[in-house]
Amino acid sequence: MQFELRTQVIEPQRKTFQHLIDRYGDRPASRYEEGTIDLQARVNYHYRPLWDPSKEIYSPDYSALKLTDAYSFVDPRQFYYAPYVTARADLHEAFGATLAYLDKRGMFQRLPAAWSSLFQDVVLPLRHYEAANQMIASGAARYGWGTSITQCFAYAAFDRIGNAQILSRAGISFGGGTAESLDLAKRTWLEDEAFQPLRKHVEEMLVEKDWGVAMVASDVTDRLIYGLFYTALDDAALNAGAASYSLVAQHLSQWFTDQRRWFDALYKAWVSDPELGEANKALLGSIVSTTLATALAALQPVAAKADGLVDAGAAASLATAAEQIVAAFAALGVTVETPAS
Amino acid sequence: MTITPKAPRKLTMKQRYSALTRDLEWDPSYVSDEEMFPLTSFEGITIHDWSKWEDPFRLTVDAYTKYQAEKDKRLYAVLDGFAQSQGHLSLTDASYLNAMKLFLQGVSPLEYQAHRNFAMLARHLNGPGPRFASLCQSLDEIRHAQTEIHTLSNYNKYYAGFHSYLHMHDRVWYLSVPKSFFDDALSAGPFEFLIAIGFSFEYLLTNLLFVPFMSGASFNGDLPTMTFGFSAQSDESRHMTLGLEAIKFLLEQDEKNVPLVQHWINKWFWRGYRVTALVAQMLDYMLPRKVMSWKEAFELYFEQQMLGGLFQDLAYYGITPPLHVDKAMQEKEYLSHQAYWILYQFSHAAAFTTSVPSDEHMDWLTEQYPDTFPIYRTLWEKEKKNIAAGGRHFIRGLPQLCQVCQIPMGFTEADEPFIQAQRESIFEGERYNFCSDGCQYIFDHEPVKYRQAWLPVHQIYQGNCGAADLPGVLDWYHMKPGDGGEYLGSLDNQNWKKWHDMADETGGN
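Chains as they are written, first to last, in this note's numbering: chain A, 1 to 341; chain B, 1 to 509.
If you're looking for bench data, these hints aren't it; they were derived computationally from the structure. Just so you know, not all the hints are guaranteed correct.
What the hints assert, rightly or not - Derived list of chain B stretches under chain A, where covered just means 3 residues or more per stretch with a C-beta under 8 Å from a C-beta of chain A:
#1 12-24
#2 105-115
What the hints assert, rightly or not - So these bits of chain A aren't anywhere near chain B, every CB distance computed over 12 Å:
#3 Y47
#4 A82
#5 A137
#6 R199
#7 V213
#8 A236
#9 A265
#10 S272
#11 S286
#12 G308
Just so you know, even glycine gets a beta-carbon here, dropped at the ideal spot from N, CA and C.
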C-alpha cells in the first residue's frame, strides 16, 4: 500500500519552451533538449569578425561538411554538462583506482622489459597526440554550426586533455613518481625518426581551417591509433603477461567506445541528410581517403617500432584497422580508396 | 614472493600540474608558428614569453569533473524538489519573475556565447597554460547556460515571458543591448576578448551584472536561482582569477601593450556598464523585496572594490581608471529611474511587465535617492492620475537607439534631468547618434565595426521584422498575450491570485 501525499495540483500553461514544441510537438522536453537545441544564434549578428570579415560570427561556411538542419543530429549519449562531467568523474575515478593498484603492487616494474620499452617509447609519446586533439576539437567547438554538434566537440576537447593526463599520470607512476619518463617520451615525440611522420601529420591537422575536415581527419587517425594501441596491443599484452599495459589501455579503449557513439551518429547525419547527403558522402570520401593514406603512412614507422620491441603484430593490426575504416565508411555509402600498404 | 615498490620521489604539486598540462606543449616544426596561431598577431599585442603566464588555478581533469559532478548533483536535487512541491508559489510575488525573464532572455544566451569563444581561446592562444584555463572556462560557461535554462525552465511552465527567450534574444529591441555587447566581444581578436569578457565582464563588472540577480533571488524566495548562484560561485571565482591574470600578463609582457589594454578597458568598461542599465532598473524597480539600491551596489562593488582596490594595483603598470567612469558615477543617481521609465513606456513591446511603483516602493526610492528620486516621483504621480483616468501610458512610436549600446536614447545630461543627452558623429557622410560620450568614444575608434550594428528599430523600418505595424512585429518576436505590458491584471498576476486563492481554500501552501 502507498501512502497518499496531497499536493496542490496546478495545471502548467505549457510543457516546455516554444522552440522545442515547434520541433518535437507538445510534449515535455528532456534536459538535454532544453540545454542544447537552438542555443546557438543563427541570425542577426551585429558585427563581422575582425579576424575574418568575410564570415559571420557563426556560420555553416566554416566547414564544407554541412547539415540542412543542424539539429537533425543529436548526441545519442544525451550529454549536457551534468551527465557529461558525471560520466567523466567516474572514468577518472576508475582510472585513479587502477593507478593506485598499479602503484601499490609495483605493477609497472613487473612489466616484461620489452613491454616496458613499448610503453616508454611508443605509448607515452602519444600524450602529445592527445593534447593536439584537444586543440582541434576546441577549434571545432568554436567554429562548428549548431549546439548539438559543437557541444560534442567541446566535451571531446576536454576528454582529450583528460586522456593526455591519464597517459601522463601513468607515465609519472611508470617513472617512479618523477617526470623522467615523460621527459624522455617528449624527446621521442620531438626527435625520434619513427614519430616524425606522425607529428607532421598532427601539426598539419592542427592548421586545417575547415573544422569538419580537421575533425574527420582526427577521427580517422584515432581509429588507427586506438585500434592498434589500446585494442590490439591490449590483447597481446595480456597474452605476454604485461597486465599493467592492459589495465591502463582499458580506460582509453572504453573512452574511445564512448567517442564512437556520437561520432558515428554524426557521420550518419551527414550522409543521410535529405539535401546534402550525397555531397557529404563525396566530401567524406575524399577527406577520408586522403587522411587514411597519410595517417597510415605516418603510423607505419611507429608500428614497426612496436614490432621491433614486442611480438604483437602491430603492423598487421594497423593494416587491419585501415581495412575496417574502409569497410565502415562503405557501410555508410562512402567510397574510400584503400591505401597502399 | 613480494616486491616492495621503491618509494617514489614525488613531484611537487606545481611540477605535477605542469607535467599534466603545460608539458604537453611542443614547438611545431612542420608548420610555422604563424600558421599554428594565426589569430594572435593582428591586434598588435606583443608577447615575448608565454611561459610567464601564471596558472590562476591548478585543476586537473579528474579533480574538475569530480568536483563539478558533485555540485551539479546537489543543484539538480534542489531544482527537482522545488518543481515537485510547486515552490514557485512561495515567491514574494509573480512580478519578481520579471527579473528572471530578463535574465533568461538577456543573460543566459551570453553564457552560451562565452562558452563558444573560450573554446576559441582554448585553440588559439599560443601558451598551453592560458589555453587550458580557457578550456575549463569554456566548459563552465556551457554549464552556466544550461543550469540557468534548467533552473528557469520550471517557471516557464507556469508564467509568461519565458517561452521564446532564444528567438527573442536574436530579435527583440531591448535584448539587442546584451546581444550586441557579446557579439562585439566575439567579433574581436582573442586578446581583446580576454580583456572584454575575461577581465571587464568577469572581474570588473561581475558583481554588478550577475550578483544582483542572484541576491534578488535569495530575497524573493527563488531557491533554485539562489542555489544556482551559489553553485556558480566557485566557477566565477576561477573566472575572476583568470581575468586578473590575463590583464597582468599582457601588461607585464611589453610596455607597448599598455595603451592598447587601456583603450580596451575604457571601451569595455563603458560597453559593460551600459548593459548594467538593465540590472540597475531591475534592482530598483523589479524586485518586490529589495536587496539594495543600484546606487549602493555601484558604490560598493565598483567605487570601493574596483576604483579603491583593483585600479590602485593596476596603477603600477600605468593603467588608469576607465575613461568616462566619472559619468557613470554621476549617473548612479538616476540611471535606474531613467532606464525603468523607458522600459515602463515600452513594455507593451517586451516580454516582461512593468507597473507604477507603489507608494511604499516610492518611499524607499526617496530614501535611497533623496536628491534625484523626487523628480521622478512627480512623473509617477502624474502617471497614476493618467491611470486613474483610464490612460496607462505606452509609447506607440519607435525610439531612436544609440548606435553603440542600442538603448533607446532616453538618458539625460548629468546635470539636466530633462535634457536628453545626444551625441553624434559623421562617418563617410552618414550621421550616427549616441546616448553618451562613452558610446561616441567607442564608435569613433571603430566606426567600420559599429556602423554594421543590427539596430532593431532600423530593421523594423527597413521591413526586416515581419511587418510594419506593432502587432506584426510582436508576432515576429513570438510574443504572446500576457508576455508584456502592465503587470496589474496581467495573465501572471491573475494566475498568481487564482493559485493563491486555491491554496488558501485547500489549506495548502
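Hints that the structure is at odds with (numbers, increasing) = 3, 4, 5, 6
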